[in-house]
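Got two chains here, each in a separate frame; can you build the complex from them with the hints?
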Amino acid sequence: MALISDYLVQGVQMLLVLALAPLVTGVVRKVKARLLRRRGASVWQPYRDLLRLIRKEAVIAENASWLFRAAPYLIFAATWVAASLAPTFASGLMFSWAADLIAIVALLGSARFFQTLAGLDIGTSFGGIGSSREVMIASLAEPALLMVAFTLSLLAHSTQLSSIIEVTQSPAVGLRISLAMVLVSLVLVALAENARIPVDNPATHLELTMVHEAMVLEYSGRHLAMIEFGAALKLLLYMSLIGGIFVPVGMARSGDPWPAYFVGMGAYVAKLGVGAVALGVFETAIAKMRVFRVPEFLGGALMLGFLAILLLFVSRGHL
Amino acid sequence: MNLSVLSAAIWSIVALLALSACGAVAARTRLAQVLIYPLCAAICAAIGALALWGLLRGGSESLVLPLGVPWIGSHFRLDALAALFLAIVGFGGCAASVYAIGYGRHEAAPARVLPFYPAFLAGMSLVVLAGDAFTFLVSWEFMSVMSWALVMAHHKEPGNTLAGYVYLVMASFGTLALLLAFGLLAGPEGHYDFASMRDLVGARPLAGVALMLALVGTGSKAGLVPLHVWLPLAHPAAPSHVSALMSGIMTKVAIYGFIRIAFDLLGPPQWWWSVALLSAGAVTAVVGLLYALLQDDLKRLLAYSTVENIGIIFLGLGLALAFKANGMGEAAALALVASLLHAINHATFKSLLFFGAGSVLSATGERDLAAMGGLIHRLPFTAALMLVGAAAISALPPLNGFVSEWLLFQAILISPSLPQWLLKFLTPAAGAMLALAAALAAACFVRAYGMAFLGRPRSPAAETAREVDGFQIGAMSMLALGCLLIGILPGPVLDALAPIARVLVGQALPAQSGQPWLMLAPLADHRSSYDGLMVFAFIAVSAAASALLVRAVAAKAMRRAPAWDCGFPDPRPATQYSPSSFAQPLRRVFGALVFGARERVEMPAPGTTGPARFTLRIHDFVWEGLYLPIAAGVGRIAERLNHLQFLTIRQYLSLVFGALVLLLTLLTVWR
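If you read the protein sequences in the order shown, they are chains A and B. Take 1 as the starting number for the first sequence in the numbering used here and just add one per residue. Take 1 as the starting number for the second sequence in the numbering used here and just add one per residue.
It is worth saying that the hints were derived from the structure and are not from the lab. Given the structure is predicted, the values throughout are model-derived calculations rather than measurements. Every residue, glycine too, gets a C-beta built ideally from N, C-alpha and C. Possibly wrong hints are sitting among the right ones.
To be verified - Computed spacing ranges between beta-carbons, pair by pair: (1) B:GLY327 with A:ALA287: 30 to 40 Å; (2) B:GLY190 with A:ARG176: 52 to 62 Å; (3) A:LEU3 with B:ALA537: 14 to 24 Å; (4) A:VAL12 with B:VAL553: 17 to 27 Å; (5) B:ALA511 with A:LEU3: 20 to 30 Å; (6) B:TRP53 with A:VAL12: 45 to 55 Å; (7) B:ALA511 with A:ARG253: 57 to 67 Å; (8) B:ALA537 with A:ARG253: 19 to 29 Å; (9) B:HIS619 with A:ALA287: 53 to 63 Å; (10) A:ALA203 with B:GLU157: 49 to 59 Å; (11) A:ALA203 with B:ALA537: 43 to 53 Å; (12) A:ARG253 with B:GLU467: 48 to 58 Å; (13) B:ARG572 with A:MET289: 47 to 57 Å; (14) A:VAL269 with B:GLU467: 46 to 56 Å.
Isolated chain B, as found in the complex (with noise of 0.2 Å):
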């Protein structure tokens, strides 16, 4: 048999799924918990290899597999959109198997970990690469499940079991609407594969709808505002590298399906759709950081950042869609290059940053900030790595959040020349937005990286953490490299984007490899261009020159003393700022409009001995405004029907009956 790409995938996917049977059956015996890791890390390789080799050969391939519904098969299909996502699962499960070799030794219930880890990955391969509708849903409820069970691998610590919960009934919801955009996506005829899907163009009329549907089912596994509750809960609930792989790579995988309806399978847009997708993202991306600045908890903080960058990743889709449905091609290639290019970033970096939160998870058991502090000299490695990482979600040149986010802002300054009024109002009020996000997140990364790696520890456990062992670090090294490589040198990563932009807009950007000096110029040069590898190698020159240059003349002593302060040091760590009241000008400026922040501070009256008491109230307004009041009209439903249960069998008969004959009326009427 010729072993195509496709095919050497799915195998590699088998070996996974056998891998987790093995996992099923041994994972307590010592030579499982040993091999898993390893040779997931090796699969996953092998996998991004493949999709990667797909990506730069071009063209695609499709394959009909005996499997699933009887005369429909099993469709799967590599193309080149298939194939970018495909690379970054295939990656990324490398980088997270390699990181799990060191961390998983701590895991307390390998037993709960080993059979879904496999599974997972190969459950998030599959959905990059389903061909049709079924083979995609049944795919993307596997890889909920997988990761669902592996969020409930703690089960036993405080809040793992609602963050379990609401991820469950928020992946049954969202897969509910994907469902319905299928359905409405298949036509009359019912086809359920995407290539027959994608040549019924024209006979759509509720095409809108199905976006919307698609939007909603994506959406809630990417962690769209307001359906983002359930990912600050269920992402840093589990294991470390799970949550890296939940929040780094399965967003993407999210997005890929996303990308897939509306580019894809939907035919030519509608201008208006771009407006949802503006407006959500827009307001995604502040949201999420806000709520990002006033978390204590650093993988709760990554999530909620992730949610921003997932705000981000829809902004620029949006874009792309408007220009799209304009016929400006270059436009919306440039649109989705940035989108597709930051979510490469944010799969690195974010892997990256999880990692790094978890070394200090397993360092001092500790994820709460306020009882770090100090770790830059304990985890001398771990700390250096993760400033690459919050350098990089920053956005801050030369490292790669800041291409990207580049890229969208060019994206926004051509969007005068769209035609509709209501865009033209949109678009400038999202690049502010978009602003706004940049400049908050430098402000929640200094924030989570000056207290836990910076100051003076504020525990016990902060103060006597030992660094991690090497294959963490080695796995976060690797991202780290990545940020760095992407950042000086993105000119071949676009290049390597170009078909992709070219089958789903129509047109791609100029080639990027070809520019003097590596620039990055995506449209013309006068136009706008930036060029990483100058900025880094300026940077680094003027650095290094300028400290040798002052040591050369400088006096070369240097003393330690106890920190001035001035003049009143206090040895207690205590005195420092906290993480919380590092956010408090932050939460002054915009909790009161986002949150609803009230502080209250109760002085005792001169002369008297009570002590002050300062309280802080902060709503949730999406969890309070939305889903509690659902929650409990579900709850008073289930309780007025919940007499239901107690009838005679005369009743349930009666009740059988009369549902049969409304239904066939329903039916005659509809003839």
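So here's chain A without its partners, still in its complex pose (with noise of 0.2 Å):
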């Protein structure tokens, strides 16, 4: 019985990120249109979208090879598998030993690796662009985000997410500078890998300024759906990470009875929802900058998440 429900647990957690992460682009999406005193399109548009797009007939450049077809699915895959290890509204899933966060870091490299030479396969000065800076933002944002892991790691004395989450959980953790730090480093590590501004604008079509959108500028009908379903569930997996990590009020555990799930589906989406707004919020105040200026802004996540680290090798003897 406890069997099943696992399973359960776990198939309900890789459908529910599905479910929920184009409603997350939308959110976000309606809450700047607000702000700016548009009235914005619906919050359900991007599943709209996402279907147009998938009816649609794809074409694809002259020269494109089977890479370029493939990587879309690849690229998907990979963010899917990622976002379904991670906990979301349980922690203790299933199969979550199977990567840790380590491992879901490494999950998303994967996935950049083919959409930076997905880039690169038509041979456009665009596509060029566009992987030539996501490269260079990766190169930063990659090492600051493992220099999350590892302070993490080192408060929790495990990779494992689920008994990351269980240590934030417990009161024992009180209020820790390094936290704090990781907070910070973590947050802007998100809104580079998310192609967010200030690093890079989602609603761009200034070709200059463009990283993200100058390598899927190639693409269309269904390899654009999942593309564009793949960078939605990596914003749903970077919020829920934030969210699971640092507030991980409503959690259900491995265990649990069945009303506890329900309790941590709810806190999970109204986590996502604060997540969406402030996300929404941050993206109006903020100006966009210029590209040679996010290597200071990754470098600074970078020190921050390294710093947090030292912390706590000089504050710790043994693990």
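Have a look at this one:
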């Protein structure tokens, strides 16, 4: 019975992240529109967009290779696997041991690897500019993210997300400077990795300011739908990570009775809502920065993460 | 005679040497050209299988042959560590030989390659099996000289003679350091066989110096910064299957030498030894990759990436030494096994990548990334296999590179329990460097793969390239399969490494084969676990399911049309991103600090018709700051001493007399 419910929770999570991801994107867009005194599209618009793209004929460039056509599915799959293994409304998932926090970071790295390759496949200058800037951003964001992972793992004596969340859920964790630094670092990385303002602009069509959009410029139809869906999943994953680790309120644990799971789900949806509104407000309030200011921005995130680790290394004797 | 594994391995090496002699005599005949590589492949496969059997069976064998120095003889020994590296040499050599069956047909001067190739393989195997310092050094020099001869095979190409010269100088320097290290290890009585060195515990005041000498000696062969300068010159200069052997396998033989000395012969370590290893490893990893990011020559890029991976391996070995010195057996075993696994992995994917580069070279005649592009259409199999290699070296799950880096990260995460403050500061910094190197590796290989195989062809050669033959593709497929298998089933490999850890650090990781779902949990499983098979299955299933689902729902129609490119597609391939423009953002971020890179744009004044100019200056601080001054100093001294060549016989005799008196005085004072 316990085994069946474990499988059920894992399955529900895999479907839940799929179902919620476009909604989060929709809410962010709606909030931004309202703050600009526009009415904005409905929060359900991303679902309609995905459906529309899927139904459309795919037009690909004459010299596109098989890699170009396979990449959207691989990107989507790697992101989905990462999002399914990270705790969202319940910790201690059935398969969460298959990939710890480091592996989740690396899975997102795999998705990006194929994304940047796909950007180069057609051989246009926009694809190249997008890919080369993406690898520059990633080469700083990924180490910063690993620093965050290290800090959390040192606190929890484990790289498993479930164990980390158990530690942050317990009252023993208290207020820690290193956790605060890591939170700031993680938020900065999340903004950069999800191509949000101030690093990139998800709504831009000014060619020279695009990073993510430039890479996917040649995609259309179902391929574009998979990429957009993957991007929405990635945003959801980062919000789940931040919410799950730093605000683990209401999260169900394995072995809890059924109602706890529903509470967990409610809390999760509420956290996503808060995250989406906060992101919308932040993006409206801030201006995009020049591309070559981004290394300073991410270098800050890297240094914060590194300082947090040093603090932990110095302040603790034995693990 | 009872044929043991060791003697069978030595007979195989003798067969390789005999083959080498045949090659020297008959290299110009068609028969030798057809037969040598297949025979090498068979012998190497036998060596690999023997070594694997020796590793799995456990225990050690030794043998003394009446060769070499009188009364000492030549000792040979096959223990778990030697068996692992012999297996790397055997299987790596086998793959390279299979590849060479196809690749060697394009060789313009087979007589310059065939005699040396089997001897090079034999030399590497002998180093691993050596059981005394004399045999070790002689085999080491033999390996160096044979590989030097192979580097010089195409000596008429520009730059290759310089590469050979620098290699020879660095190899002699490395051997000198090793010779001195063995001198210190031998102790006052001069025991040159490893067994008595091992027993000589306690009476070694200069052990730290011996370790540093060993680090310099093996590090110069493996490519530690700043001793790496010869490697990006020499590795690409050799024929591609030899480049793969030098980069993938010979550097591992150097790693073997270091592990043998540092973990086996030197006895109990001091904690501060690890400081040198950790810092050298971390710096090497990041600097090697930054060099690689800026290279336009595909083979040179791969050679610099070897430098990076050697840094990662040494970093892991440093951690293992630190843990061992502090009596943390399990952590030491974790770090050591992570390094050994990375050595295996690097041998696999670097050979694969060099084979791929060789195939591109034989298909297009080009090593310059700026003259490639679009090869995925022309060389579909090579492109698919290279993609596996590029993803594996970028440490992407579920391939093998990720497993070893993951294990190393786990080892770093235990290091706060180290008692020394210096190590407490150094290990997180090393961890940060490792994280940076992992991210930069992905950037580097996206660039290399994207420029060579994706986009539009940048030269007529790339436009008309033809897929390579079955032997080359077969050899690459073997290695790509290895990358995948080690990635999804690392448990059995780690278990095979357990006896090595037990001998060298006194403890081994818990057995991995019994874990549920073939998961990997090096320490307690609530601490950390990873399941490559599961991740692979998840990705495969969800990618396939989403593709099928989308295809069921979606419009089936797909149309090919000209590239969109925001409405202004330019048909000229020159408008694509070039290798150097792709590297430009990263060059701006890291280049100013590490390479003193300066960009200058000169725009003509408005209204004038002069061209705009862009100049980029990059400095190689190691070469300019360390090697050129040394070379200049040597040149200056040589010039000063030159007049000694033109003395009279009387002056020479008084010179000899003076030297004799001086030495005798020294001897009296010393006593």
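Exercise. Just pull the numbers of the violated hints for me, sorted ascending.
Key: Violated hints: 1, 7, 9, 11 and 13; rest satisfied.
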